[in-house]
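The listed protein sequences derive, respectively, from chains A and B. In terms of the working numbering, the first sequence is residues 1 to 409. In terms of the working numbering, the second sequence is residues 410 to 818.
Quick caveat, the hints were computed from the structure, so don't treat them as lab data. A hint or two may mislead.
Okay, the calculated beta carbon distance ranges per label pair [said to hold, decoys possible]:
1) A/P377 to B/I505: 28 to 36 Å
2) B/T760 to A/T216: 41 to 49 Å
3) B/E750 to A/D362: 37 to 45 Å
Just so we're clear, the structure is a prediction, and the values are computed from it rather than from any experiment. Note that CB positions come from ideal geometry on N, CA and C, so glycine has one too.
Protein chains: 2
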Amino acid sequence: MSQSPPTSLTPLDEPSDSLPKGFRFAGTACGLKASGKKDISLIVTDRPVVAAGVYTRNQIVAAPVVNSRSKTPSCSIRAVVTNSGNANACTGQQGIENAQAMCEHLAGFIGCDPEHVLVMSTGVIGVQLSMDQVKNGIEKAYKVLAASTENFLEAADAICTTDQSLKVVTRAITLEGQTVKVAGMAKGAGMIAPNMATMLAVITTDATLDHQQAQTMLKTACNESFNRISVDGHTSTNDTVLLLASGEAGPELSVEAQTQLQQELNQLLNELAKQIVLDGEGAKHIMAIQVCGAEHDDDAFIIAKTVAASPLVKTAITGGDPNWGRIVSAAGYADAHISPEETCLEICGETIYENGTPVAFDAARLSETMKSNREVPIVLKVGRGEGTAKYWSSDLTTAYVEFNSEYTT
Amino acid sequence: MSQSPPTSLTPLDEPSDSLPKGFRFAGTACGLKASGKKDISLIVTDRPVVAAGVYTRNQIVAAPVVNSRSKTPSCSIRAVVTNSGNANACTGQQGIENAQAMCEHLAGFIGCDPEHVLVMSTGVIGVQLSMDQVKNGIEKAYKVLAASTENFLEAADAICTTDQSLKVVTRAITLEGQTVKVAGMAKGAGMIAPNMATMLAVITTDATLDHQQAQTMLKTACNESFNRISVDGHTSTNDTVLLLASGEAGPELSVEAQTQLQQELNQLLNELAKQIVLDGEGAKHIMAIQVCGAEHDDDAFIIAKTVAASPLVKTAITGGDPNWGRIVSAAGYADAHISPEETCLEICGETIYENGTPVAFDAARLSETMKSNREVPIVLKVGRGEGTAKYWSSDLTTAYVEFNSEYTT
Chain A
1 MSQSPPTSLT PLDEPSDSLP KGFRFAGTAC GLKASGKKDI SLIVTDRPVV AAGVYTRNQI
61 VAAPVVNSRS KTPSCSIRAV VTNSGNANAC TGQQGIENAQ AMCEHLAGFI GCDPEHVLVM
121 STGVIGVQLS MDQVKNGIEK AYKVLAASTE NFLEAADAIC TTDQSLKVVT RAITLEGQTV
181 KVAGMAKGAG MIAPNMATML AVITTDATLD HQQAQTMLKT ACNESFNRIS VDGHTSTNDT
241 VLLLASGEAG PELSVEAQTQ LQQELNQLLN ELAKQIVLDG EGAKHIMAIQ VCGAEHDDDA
301 FIIAKTVAAS PLVKTAITGG DPNWGRIVSA AGYADAHISP EETCLEICGE TIYENGTPVA
361 FDAARLSETM KSNREVPIVL KVGRGEGTAK YWSSDLTTAY VEFNSEYTT
Chain B
410 MSQSPPTSLT PLDEPSDSLP KGFRFAGTAC GLKASGKKDI SLIVTDRPVV AAGVYTRNQI
470 VAAPVVNSRS KTPSCSIRAV VTNSGNANAC TGQQGIENAQ AMCEHLAGFI GCDPEHVLVM
530 STGVIGVQLS MDQVKNGIEK AYKVLAASTE NFLEAADAIC TTDQSLKVVT RAITLEGQTV
590 KVAGMAKGAG MIAPNMATML AVITTDATLD HQQAQTMLKT ACNESFNRIS VDGHTSTNDT
650 VLLLASGEAG PELSVEAQTQ LQQELNQLLN ELAKQIVLDG EGAKHIMAIQ VCGAEHDDDA
710 FIIAKTVAAS PLVKTAITGG DPNWGRIVSA AGYADAHISP EETCLEICGE TIYENGTPVA
770 FDAARLSETM KSNREVPIVL KVGRGEGTAK YWSSDLTTAY VEFNSEYTT
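Extracted from the complex, chain A is given alone in its bound form:
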């Protein structure tokens, strides 16, 4: 991978204490969103950085996914450009060209190879981007790039669509005397929102990683986080999670320190993932589903995912109904072995089903607890195996249905 030309951005402003070194951010509005809200987000690095990417598994993929996917992992990335308000999905050859043009336009300002710019889009499907607006937006954002917290938040804001809240997380970790910083931003409120699409996330860090390490770490962390959430189970055409590592914190980490960093990344992505579920379209509660006792972790995962996706479980949580029958029977139709006679269920810490038999409990009191807590913990034991899994899911409310049905293309 070739090195890109040196940055044209000098002098560098001082990064915020909470942000990793080597990154500048900007978010601005270019008119893609009729509301006038921010819709162009830039992350530009001071020097070429290592970048890893994890993308949607949907067979129908948006143009920016095709573009970025071909460029990661890499050790020469200079920038990520994201637009919201238009997903550039199902847009054919023109869409492919537009995604590339976004990279080229930003590369022109940076003075780097367009191959070293990644691109993400989120918003309406099947509509061509207004490239004049996008190019103006990129120029406008480029001029205000800064390493400040304010700019970081503006960049995070500019990737949002139907999100009700910003989803960001920052962390400083001491690894072998080095202070490694990580800052992540994400968006997403439905796997596909009404005329919007996608969950997107970018994690920046100043840790020193090679591109294969970064790719493995990101994949592992995604499997522990973004792949364990469900709002409506609909995998978008645009899902993208990127990890950028500038290496400015210090020398390469030992294997031990890398393991520690992996754990921190898992946790950090998990926090972002949980923010997406908390902001799920119409969600009043979220379920924290824990499955244990399965034969393997994979089995536990399938069971947790099946319970998380059941509309009857979701509506039970909406209504504060400790309806163990719906939860246990959802586990029973999951494509993984369970042992019905050993199945136990706890909701909000209360055992209501034990070894295949209902347990007497104060339903009214438990219902009150479920209703008054934003987060409803569900612990499901399905046998005596070692397999465990966690999963986050939002409930299903009339607001979700209204939101997604009272809209016409």
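Assemble chain B onto chain A, guided by the hints.
For chain B alone, coordinates are given in the frame of chain A:
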């Protein structure tokens, strides 16, 4: 399989012209339903008949499923006893004994072996049956058994729970000069309704079949019908479909005539299945999803099922929204191969997506058509293969969510 003792029911009343010969029916109320509606349903045969059964694939199975499943296929069945209002599911050893006691009680009146009585239950999960009520109900129903259409409809009524309408179908088919009659009844409005469970169906016919033929025919017909519908994708603990063949129409059928009967059965079960979707909890519209061009029929089935289950597709149909992005992207995340560049979509006969590209169409007019039709046909071509599949699904409305969340155990 041993023969049961001769029937104690003589003389037989004359069967209704539309019903197969050899069956009597009754539906009555015994108090399991607080509403006082019918909750005990009997089908008693004049002589031992062939019976086949298809049951839930849920690993958590109700006691009546355990009971009936062990008895089919059979050539000695004398009766089916069904209660509604209580699913006898997750009820442990006591539940197993109660299901057996239902068979024994009815067998006592008939004078047959309890092994020749099948049992089904539907209703609330995790509550023991009040056996005094059930036994009184069986006695009461037994006394009024008749082969009349009125009794058939009462028996069909007595298996219902949250159903808004009776689901019955009858047919007379001429096969090699024989008039074979088939009469089916079904219930189900959600795979699991709020405090109710299950889809149940019983198909009676006077065709002559051996028990293996009956089992194969029923399984084939179920795969073409009840396994191709979705209200909420939640497989119940009690799902049961039975086929009873009395053989009173005439001698054994030729292979050709059997093939014809199979086709009629497929269609007949499909009609019952469609009635369940039409009566789906809160449903305003149903989708008739047709997938073609897949590599195999199995692939087409998986794609159709995935589209049918997507909450975003369902809410689009609720809103009369010709949102091809949601449908095409749901196909894209199905666990079966699609060819994005060859994917085409028609809604209500109008092509709106062709070979991976959106087609200009009058969205307002199509939306009006979708809104004004109870049934919305969706035709999705995913490549050039020979694989096809059909699937029925209800839409997702606020009424579904209210119905399933505004209830507390």
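Consistency of the hints with the structure:
The beta-carbon spacing between A/P377 and B/I505, approximately 32 Å, falls within the hinted interval of 28 to 36 Å. For B/T760 paired with A/T216, a C-beta distance near 44 Å keeps the hint of 41 to 49 Å intact. Hint check: B/E750 to A/D362, Cβ distance near 58 Å, so the stated range 37 to 45 Å is violated.
Hint compliance for this structure: hint 3 is the single one not met.
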